[in-house]
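Taking the hints into account, I'd like the entire structure generated from these sequences.
Here are the chains, one letter per residue:
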Amino acid sequence: MNGTLLAAASTTSTGEAVQFWILGTVAVLGALGTVLMRRSVHSALCLAGTMIVLAVFYLANGAYFLGIVQIVVYTGAVMMLFLFVLMLVGVTAADSLKETIKGQRWMAVLCGLGFGILLVGGIGNASVGTFTGLAEANAGGNVQGLARSIFTDYVFAFEITGALLVTAAVAAMVLTHRERTERRDTQRELAEKRVREGKHLPPLPAPGVYARHNAVDIPGLLPDGTTSELTVSETLRSRGQVRDVSSKALSDLAALERRTEEYLGRGESTARGGPDEGGGRDVRDAADVRKDVSDDSPAVGRDRDADRDGDRDREAAK
Amino acid sequence: MNPVNYLYLAALLFTIGASGVLLRRNAIVVFMSVELMLNAANLALVAFSRLHGNLDGQIIAFFTMVVAAAEVVVGLAIIVTIFRSRHSASVDDASLMKL
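Protein chains in written order, with our numbering: chain A, 1 to 318; chain B, 1001 to 1099.
Wrong hints could be hidden among the right ones.
Stated by the list, open to error - To spell it out: a stretch of chain A is covered by chain B in this simulated footprint if at least three of its residues, at any positions, have a beta carbon under 8 Å from a beta carbon of chain B; those stretches are: (1) 25-32; (2) 71-81; (3) 101-112.
Claimed, not checked - With the Cβ distance kept under 10 Å, some of the chain A side facing chain B (calculated, not the full set): (4) T14; (5) C46; (6) F84; (7) G124; (8) A135; (9) D153; (10) L165; (11) L175.
Simulated from the structure, these hints should not be mistaken for lab results.
Glycine is no exception: its CB is placed at the ideal position from the N, C-alpha and C atoms.
In structure tokens, the structure reads:
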């Protein structure tokens, strides 16, 4: 980097003024968003925006090392840590807008305004004319200059900061670690406890009714014809997505098959075709009979049987 | 542009952060407002560094960043611990030291 780039000139250019007014507005809007957004995730994102703008300001002011550190440490590490904790605590936890202390909000705004006026008044009284500029200080490079100061004048503060970081890391681990104070139950004790509580011990029964309806949202039927709650997942039950087939679905199916018959134009007239085939027939008949037995309604089964016979007739005609 | 503008911006951001600490009751948002105040102070320090032409301001800003990082780690650990025991991150609920 050459000297002019490192200078952070003593005079401010028009470009820097334009940058200041545009990015300054963004920074203030981000800060207001941080304070005023109801959802804490939005607050965190607004704060991240403000921090990035501040990093640009650091770079513009000749603090190149700090500008990069701001982006890496603040927007990279600290804001991610904030977002992690927000997700742990729960994103939906919006602040309640009910005041617990009467008039607290107005008092807070008043305090903020008074404080701001005091600060601005103090700055206005200071004689801040022009920048001296960092041309001389940054002459050997910004990072080199910082390093020289840190490891000579500020070396004691630097050591203490290191100790602080180690302490903070240990503190975070101690705070979030939960010690187990009682003995862990053995497998036998757990089993006895479950039996004593009278819960449902064996695996839950499977959903579905016969072989036709084995979808997970169809409850199995108990011997008396009612549905069993245990067979369907609790999530589906709470969503109300359970389909009950104990009465309705069977008649629906029969109606559907009847309509298909009518559409295809096959009635009972085509049923029971010629006795053309020999050996294979018995086997198939046996299969059909078994299907009839396992089927829900014998009438439907017979219709389908008739269908198949019709098809066979057509093939024989060819 | 007068260099004092940077100081005014820092003062404004600091004031907004301070108001946020007073206004909000979600502990995490309060914490973010504290971070905003620290950042505003850093901006002022960097501007001072350029005003006076030496790097001491930047070094103090650097130390502020380190301390802020440590503070965030411990603070968020405390918030998580409180949330575990009280199932709330509101500063109103944590009005007693014990449960």
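Quick rundown of the hints versus the structure:
no. : hint    : in the structure
1   : 25-32   : holds (count 4)
2   : 71-81   : holds (count 5)
3   : 101-112 : holds (count 7)
4   : T14     : holds, 8 Å
5   : C46     : holds, 9 Å
6   : F84     : holds, 8 Å
7   : G124    : holds, 8 Å
8   : A135    : holds, 8 Å
9   : D153    : holds, 8 Å
10  : L165    : holds, 6 Å
11  : L175    : holds, 4 Å
Comparing the model with each numbered hint stated earlier shows that all of them hold.
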